[in-house]
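Construct the complete structure from the given sequences, taking the supplied hints into account.
Protein chains: 2
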Amino acid sequence: MTLSLYQAAVPVFTRALNNLVHVLKKGEEHAKAKNVTGEVLLQTRLIPDMLPLVRQVQIACDMATRGTARLAGVEPTPFEDNETTLEQVHSRIDRALEYIKTFKPEQIDGSEGRTIVLKTRTGEMTFDGQAYLLQFLIPNLFFHCTTAYNILREAGTEIGKTDFIGQA
Amino acid sequence: MTLSLYQAAVPVFTRALNNLVHVLKKGEEHAKAKNVTGEVLLQTRLIPDMLPLVRQVQIACDMATRGTARLAGVEPTPFEDNETTLEQVHSRIDRALEYIKTFKPEQIDGSEGRTIVLKTRTGEMTFDGQAYLLQFLIPNLFFHCTTAYNILREAGTEIGKTDFIGQA
Numbered sequence: 192m193t194l195s196l197y198q199a200a201v202p203v204f205t206r207a208l209n210n211l212v213h214v215l216k217k218g219e220e221h222a223k224a225k226n227v228t229g230e231v232l233l234q235t236r237l238i239p240d241m242l243p244l245v246r247q248v249q250i251a252c253d254m255a256t257r258g259t260a261r262l263a264g265v266e267p268t269p270f271e272d273n274e275t276t277l278e279q280v281h282s283r284i285d286r287a288l289e290y291i292k293t294f295k296p297e298q299i300d301g302s303e304g305r306t307i308v309l310k311t312r313t314g315e316m317t318f319d320g321q322a323y324l325l326q327f328l329i330p331n332l333f334f335h336c337t338t339a340y341n342i343l344r345e346a347g348t349e350i351g352k353t354d355f356i357g358q359a
Numbered sequence: 192m193t194l195s196l197y198q199a200a201v202p203v204f205t206r207a208l209n210n211l212v213h214v215l216k217k218g219e220e221h222a223k224a225k226n227v228t229g230e231v232l233l234q235t236r237l238i239p240d241m242l243p244l245v246r247q248v249q250i251a252c253d254m255a256t257r258g259t260a261r262l263a264g265v266e267p268t269p270f271e272d273n274e275t276t277l278e279q280v281h282s283r284i285d286r287a288l289e290y291i292k293t294f295k296p297e298q299i300d301g302s303e304g305r306t307i308v309l310k311t312r313t314g315e316m317t318f319d320g321q322a323y324l325l326q327f328l329i330p331n332l333f334f335h336c337t338t339a340y341n342i343l344r345e346a347g348t349e350i351g352k353t354d355f356i357g358q359a
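So the sequence lines, in the order shown, correspond to chains D and B.
Anchor point for the first sequence: position 4 equals 195 in this note's numbering, and the numbering is continuous, going up by one each time.
Anchor point for the second sequence: position 34 equals 225 in this note's numbering, and the numbering is continuous, going up by one each time.
You may find that some hints are simply not true.
The list cannot tell twin chains apart, which means a pair is met if one copy fits it or any two copies do.
Stated by the list, open to error - Straight-line Cα separation of at most 20 Å, EDC-like style, residue types lysine to aspartate or glutamate; simulated pairs: (1) Lys352 to Glu315; (2) Lys217 to Glu315; (3) Lys216 to Glu230.
By construction, these hints were calculated from the structure, which means they are not laboratory data.
Given below as structure tokens:
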């Protein structure tokens with residue numbers, strides 16, 4: 192038995208996004224009880240020069256969708272960042288989950304050595320598939336899921352780490 | 192070429208802890224410039240009922256050290272949670288890095304199916320090695336590294352996501 196690249200990618204992304212849905216729902220309940228609108232909740236930030244909750248969710252989704260596509264050597268389907276309501280944010284996550292589910296293990300397994308070039312604001316980043324997954328996608332995905340959690344937690348939502356990690 | 196369990200564990204933990212050292216150093220510089228002691232910085236929290244910076248670092252270290260040992264089927268060496276100064280915190284991270292470096296790939300590769308039982312406050316959690324790494328260790332490690340980052344960021348440290356992710 193060995194670990195497959197697909198197993199270290201798609202199920203990890205799926206689980207992280209499902210747990211994000213779970214903490215978001217708890218955040219929504221809390222906001223509702225406090226008469227805070229979804230629009231305001233989605234624009235909440237830890238501090239003014241950090242990204243708001245909605246961007247944390249969008250970027251977490253992008254890591255999963257773009258990451259899965261690039262590992263499979265496929266041009267990622269673009270998703271517009273135009274969500275302003277909680278309903279739209281849930282739809283965005285649902286579509287991300289649906290999208291990554293369309294990829295088969297055989298499209299990703301064996302891509303450890305595939306060259307992946309990312310265009311960033313400051314230039315290009317080049318990885319092989321394994322480094323792209325382990326050094327870029329996974330840390331980024333959990334960075335944004337955790338920051339979303341911290342925003343919701345700081346806003347008063349009663350969530351604990353078990354809500355973030357999910358059940359075994 | 193396939194992904195090995197060791198590769199998805201020890202180098203990922205090492206990189207995360209090295210990046211944590213990097214953001215901590217930036218946080219220290221900022222604190223110093225503002226006449227904030229290391230002791231106060233380490234006790235800083237996002238909100239009162241979340242864990243302080245020092246605990247975020249200790250738990251991140253534990254995920255790496257205990258996780259590596261358990262994946263190798265070895266009883267983890269205990270580390271005392273007694274750090275109060277930045278110097279002690281850096282020593283803790285250094286010792287964690289040294290400890291996980293002592294494990295060889297052959298101790299961990301092939302442990303995907305190893306049964307791992309965790310005793311928690313609420314009972315026992317049982318995983319196989321692969322699930323323990325992907326569903327527990329990695330999300331937990333990045334949860335605590337990100338929360339440490341967010342505490343430092345909220346405290347005014349000039350850090351960006353590149354500091355968290357590290358260079359390719």
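We went through each hint and held it up to the structure:
no., hint, in the structure
1, Lys352 to Glu315, "between (35 Å within a copy, 16 Å between copies)"
2, Lys217 to Glu315, "neither (38 Å within a copy, 25 Å between copies)"
3, Lys216 to Glu230, "within (14 Å within a copy, 36 Å between copies)"
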